[in-house]
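Q: Spelled out from the first residue to the last, the chains are:
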Amino acid sequence: MRGLLISWFLQFVLSLFLLNCGSSKKYNTKKGHVKDNTMLGLIDDEGVQLVLQNCNSCHSTQFITQNRMTKAGWKSTIRWMQATQNLWDLGEDEALILTYLSENYAPSATGRRQSLVVEDWYTLE
Amino acid sequence: MYICCVSDSVMKRRIFLKQTGLGLASLSGLDVVFASSMPKGYIPLIGLQDPFKELNKHKQMIVLNDRPLNIEAQAHLLNDEVTPADKMFVRNNGITPENIDLNNWKLVIDGESAINVSSFTLEELKTTFKSYTYQLVLECGGNGRSEFNPPAKGNQWTIGAVSCPRWTGVRLRDVLERVGMKEDAVYLAYHSRDQHLSGDRKKEAISRGIPISKAMMDETLLAYHMNEEDLPLIHGQPLRLVVGGWPASASGKWLERLSIRNIVHDGAKMGGQAYRVPCETVAPGTVVPDEDMCIIESMPVKSLLTYPKSGALLKNQKNLEIKGHAWAGELVVSAVYYSIDFGAKWHLCQLSAPVNRLAWQHFKSEIQFPKKGYYEVWVRARDQNGVDQPMVLPGWNPKGYLNNACHRIAVKVV
Numbered sequence: 001m002r003g004l005l006i007s008w009f010l011q012f013v014l015s016l017f018l019l020n021c022g023s024s025k026k027y028n029t030k031k032g033h034v035k036d037n038t039m040l041g042l043i044d045d046e047g048v049q050l051v052l053q054n055c056n057s058c059h060s061t062q063f064i065t066q067n068r069m070t071k072a073g074w075k076s077t078i079r080w081m082q083a084t085q086n087l088w089d090l091g092e093d094e095a096l097i098l099t100y101l102s103e104n105y106a107p108s109a110t111g112r113r114q115s116l117v118v119e120d121w122y123t124l125e
Numbered sequence: 001m002y003i004c005c006v007s008d009s010v011m012k013r014r015i016f017l018k019q020t021g022l023g024l025a026s027l028s029g030l031d032v033v034f035a036s037s038m039p040k041g042y043i044p045l046i047g048l049q050d051p052f053k054e055l056n057k058h059k060q061m062i063v064l065n066d067r068p069l070n071i072e073a074q075a076h077l078l079n080d081e082v083t084p085a086d087k088m089f090v091r092n093n094g095i096t097p098e099n100i101d102l103n104n105w106k107l108v109i110d111g112e113s114a115i116n117v118s119s120f121t122l123e124e125l126k127t128t129f130k131s132y133t134y135q136l137v138l139e140c141g142g143n144g145r146s147e148f149n150p151p152a153k154g155n156q157w158t159i160g161a162v163s164c165p166r167w168t169g170v171r172l173r174d175v176l177e178r179v180g181m182k183e184d185a186v187y188l189a190y191h192s193r194d195q196h197l198s199g200d201r202k203k204e205a206i207s208r209g210i211p212i213s214k215a216m217m218d219e220t221l222l223a224y225h226m227n228e229e230d231l232p233l234i235h236g237q238p239l240r241l242v243v244g245g246w247p248a249s250a251s252g253k254w255l256e257r258l259s260i261r262n263i264v265h266d267g268a269k270m271g272g273q274a275y276r277v278p279c280e281t282v283a284p285g286t287v288v289p290d291e292d293m294c295i296i297e298s299m300p301v302k303s304l305l306t307y308p309k310s311g312a313l314l315k316n317q318k319n320l321e322i323k324g325h326a327w328a329g330e331l332v333v334s335a336v337y338y339s340i341d342f343g344a345k346w347h348l349c350q351l352s353a354p355v356n357r358l359a360w361q362h363f364k365s366e367i368q369f370p371k372k373g374y375y376e377v378w379v380r381a382r383d384q385n386g387v388d389q390p391m392v393l394p395g396w397n398p399k400g401y402l403n404n405a406c407h408r409i410a411v412k413v414v
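Sequence order for the protein chains is X and D.
The first sequence lines up with residues 1 to 125 when you count with my numbering.
The second sequence lines up with residues 1 to 414 when you count with my numbering.
These are computed hints drawn from the structure, not numbers from a lab.
Each hint should be verified, as a subset may be incorrect.
Sample of chain D residues at the chain X side, in silico, Cβ under 7 angstroms [what the hints assert, rightly or not]:
(1) R67
(2) S198
(3) P308
(4) G311
(5) L313
(6) P398
Note that the structure is a prediction, hence the values are computed from the model and not measured.
Note that the Cβ used here is the ideal one computed from N, Cα and C, for glycine as well.
Take these sequences, add in the hints, and give me the full structure.
A: Laid out in structure tokens, this is it:
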């Protein structure tokens, strides 16, 4: 019973924090970083919760949303973090995490130089 | 207070974890792995009420990453001849230190090749050694990484990880000469107060350095002022190295200790793939073993059009004044050219001399467009050895360093 009360209390307190959590960012970020309340900018797809739990405790999700890698590239990044950055063994979650990352943050075929993108044309006085 | 949102998909319900001053709590049976090593009291930028106000950054600066903090400028923000603090990029590898006790702060100088291991308070540094002021270019080694294809891992800098403020401090050389160096000294390493992202106290976020020959140059400073003011916290308070013309990662912030090494320094982000490029050029996408990577030293020739901002519409006029800066690592820029026809023809700009060695130089020109239409203005600098900036991404490398492809802006004459 006591445990249940604590659990209710925590859910109440945490729901207050949820209001804060989704407060809009007041600064500029790169395009492609999805603004939402729960995924911290990550694309909502199978595996996103595992990514949040395992990755966001050390670094911003912006390290993910900025980058584009193949499955091999993401795997090598995970190995590098395990070897040098104190990332733990992901166990059986690793396969799903790799699928999530490589499907949602994959490199796209681009040329050597892309067209210039102008967000807002303005009249130069 | 920053709130971290985590969901447990197995339990089919969301549980929100609050990061407290004591670290992440364990709630309702969901344990946060390594919660005990979360940095205490750490408040990521995302949780600040107004991050730009707290960091005194211009509101048009772009946040690439809020943990670790990485913020870049846009080209048009860098038009000042001396970069103001609010428009200077931020590149952190770890967590910004807090509560630095300036009264008890000391810089320790040790290492295998130090003759007299010494320490100096800030006051002792200021009163013992002569101060010098130089305008010095700091550019992140990964500036321009966003253009790499295949993509390179890391913060996706576009063009804004460069700045040229005025730095005041003491010459590293004077301090090293006071301490004394053994004949076998080869490298000067820094150790800083910023904490590793994992919160592991035994790990350094970054600990790089420079060869003794660079450490002994007149312009290599231990700086305590930026643009005549105390170093802002985010830029290394109370003391940082400033190593002009080299990857800015050599310019360690929040200094606590310098080590005079008898080997090439082996600290965090000196080895592996960090701040290193293939010793021999490779085809895009090549996996390069660590032992075939070489440390980046001087940065390549580069330029930036800072006026006008890209996207200018010229109405009832066909003339346009352009302005910007050019720099070339250890070298001087000998010429800057512009093109309005995608590099088919190049025209010389006016170019100023640097105010001191390793400062950027300013160029300007007046363009006359022949007729209405869409144009791109490209600029291209040449260093004193006759080496030009390439028009496209040069030498692909695994971590996306040293992109000095010429800068472009879009203009329409309507």
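Q: Run through the hints listed earlier and report the numbers of any the structure violates, in increasing order.
A: 6
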